[in-house]
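Enquirer: Each chain, letter by letter, is given below.
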Amino acid sequence: MTISHFAAVVLFSLFTSIVFGITQRSEPRSMLRFGAICFALFVGGTVAASWAMWFIKH
Amino acid sequence: MTAKEQVPPVAGSKTTDSNASSKLPPVAVLLIGWLVPGAGHLLLGKWVRGILLMVSIICMFAFGVALQGKLYTPNTCEPLDMLDFVGDLGAGLLYALGRLLGWGQSAVLTAVADYGSKFIVVGGLLNVVAAIDAHSLAIGRKQS
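Residue numbers (the working numbering), protein chains in the order written: chain P, 1 to 58; chain H, 1 to 144.
No lab work stands behind these hints: they were computed from the structure. Hints may be right or wrong, so weigh each one.
Unchecked claim - In the SDA-like style, the derived pairs of lysine to any residue whose C-alpha atoms are separated by at most 20 Å in a straight line are:
(1) H:K142 / P:L32
(2) H:K118 / P:M31
(3) H:K118 / P:L14
(4) H:K142 / P:P28
(5) H:K118 / P:F42
(6) H:K118 / H:S144
(7) H:K118 / P:F6
(8) H:K118 / P:S30
(9) H:K118 / P:A49
(10) H:K118 / P:A7
(11) H:K142 / H:L31
(12) H:K142 / P:R25
(13) H:K118 / P:C38
(14) H:K118 / P:V10
(15) H:K118 / P:V43
(16) H:K118 / P:R25
(17) H:K118 / P:V9
(18) H:K142 / P:Q24
(19) H:K118 / H:I58
(20) H:K23 / H:S144
(21) H:K142 / H:G45
(22) H:K142 / P:S30
(23) H:K118 / P:L32
(24) H:K118 / H:V48
Unchecked claim - Pair ranges (Cβ atoms, derived):
(25) H:A66 / P:S50: 35 to 41 Å
(26) H:A66 / P:A52: 26 to 32 Å
(27) H:A28 / P:S50: 43 to 49 Å
(28) P:F6 / H:M82: 28 to 34 Å
(29) P:H58 / H:A28: 52 to 58 Å
(30) H:R99 / P:A48: 26 to 32 Å
(31) P:S50 / H:S144: 23 to 29 Å
(32) H:A96 / P:A36: 30 to 36 Å
(33) P:S4 / H:D81: 23 to 29 Å
(34) P:V47 / H:S106: 36 to 42 Å
(35) H:V108 / P:A7: 29 to 35 Å
As the list claims (entries may be wrong) - Here chain P is said to cover these stretches of chain H; the calculated rule only asks that three of the stretch's residues, wherever they fall, bring their Cβ under 8 Å from a Cβ of chain P:
(36) 72 to 82
(37) 88 to 95
(38) 128 to 140
In this text, all values refer to a predicted model and were calculated from it rather than measured experimentally. Built from N, CA and C at the ideal position, the CB exists for glycine as well.
Required output: the full structure, derived from the provided sequences and hints.
Expert: Structure below.
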């Protein structure tokens, strides 16, 4: 099996955010919010780091 | 003293809320939660959380194996490999199953296979976090 790098990032972020959301918060609503924030930061941070590396190289 | 100011229960003591629904001692919840991802929460009656944790951690491990990630062994001289082994061990019975069936034995040759190795390691570490969370629920440190 092979997947694109972006798909790997999305899958990693999804599963990790679910576990973080459940374990780091107590109420279902805050779990959902924290999980969504983690997911956005994981994916957004990776995309931002990727562009930063591209600019460094070029 | 109001209800909110009450002293939190001591480890191993009985709690009065729904977290104490399991008859098992908190250490058993911790161990079972480590061996089977999400099982600690399921034992405490946290069905949705348990199933979500189970699906997430098993998928993480399964994707790691499917991406040809490596399952690390303890008999290596590389310190970083030893740390990876500790992370892998966090997956509990999934790691034992993988070793039994010979998964993750090939060398990591591609970037995607390296991602797979990291999926397996992080899946194991997340399982440890989930098991500790179940333990915290069992002793009442985490209220709900």
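Enquirer: If a hint holds in the structure, say so; if it doesn't, say that too.
Expert: These are the hints, each one checked on the structure:
| no. | hint | in the structure |
| --- | --- | --- |
| 1 | H:K142 / P:L32 | holds (17 Å) |
| 2 | H:K118 / P:M31 | violated (25 Å) |
| 3 | H:K118 / P:L14 | holds (15 Å) |
| 4 | H:K142 / P:P28 | holds (14 Å) |
| 5 | H:K118 / P:F42 | holds (15 Å) |
| 6 | H:K118 / H:S144 | violated (31 Å) |
| 7 | H:K118 / P:F6 | holds (15 Å) |
| 8 | H:K118 / P:S30 | violated (28 Å) |
| 9 | H:K118 / P:A49 | holds (18 Å) |
| 10 | H:K118 / P:A7 | holds (14 Å) |
| 11 | H:K142 / H:L31 | holds (18 Å) |
| 12 | H:K142 / P:R25 | holds (9 Å) |
| 13 | H:K118 / P:C38 | holds (18 Å) |
| 14 | H:K118 / P:V10 | holds (14 Å) |
| 15 | H:K118 / P:V43 | holds (16 Å) |
| 16 | H:K118 / P:R25 | violated (25 Å) |
| 17 | H:K118 / P:V9 | holds (11 Å) |
| 18 | H:K142 / P:Q24 | holds (10 Å) |
| 19 | H:K118 / H:I58 | holds (14 Å) |
| 20 | H:K23 / H:S144 | holds (17 Å) |
| 21 | H:K142 / H:G45 | holds (15 Å) |
| 22 | H:K142 / P:S30 | holds (14 Å) |
| 23 | H:K118 / P:L32 | violated (25 Å) |
| 24 | H:K118 / H:V48 | violated (26 Å) |
| 25 | H:A66 / P:S50: 35 to 41 Å | violated (24 Å) |
| 26 | H:A66 / P:A52: 26 to 32 Å | holds (30 Å) |
| 27 | H:A28 / P:S50: 43 to 49 Å | holds (44 Å) |
| 28 | P:F6 / H:M82: 28 to 34 Å | holds (31 Å) |
| 29 | P:H58 / H:A28: 52 to 58 Å | holds (56 Å) |
| 30 | H:R99 / P:A48: 26 to 32 Å | violated (38 Å) |
| 31 | P:S50 / H:S144: 23 to 29 Å | violated (38 Å) |
| 32 | H:A96 / P:A36: 30 to 36 Å | holds (34 Å) |
| 33 | P:S4 / H:D81: 23 to 29 Å | holds (27 Å) |
| 34 | P:V47 / H:S106: 36 to 42 Å | violated (30 Å) |
| 35 | H:V108 / P:A7: 29 to 35 Å | violated (19 Å) |
| 36 | 72 to 82 | violated (count 0) |
| 37 | 88 to 95 | violated (count 0) |
| 38 | 128 to 140 | holds (count 4) |
Going down the numbered hints, you'll see the structure goes against 2, 6, 8, 16, 23, 24, 25, 30, 31, 34, 35, 36 and 37, while the others check out.
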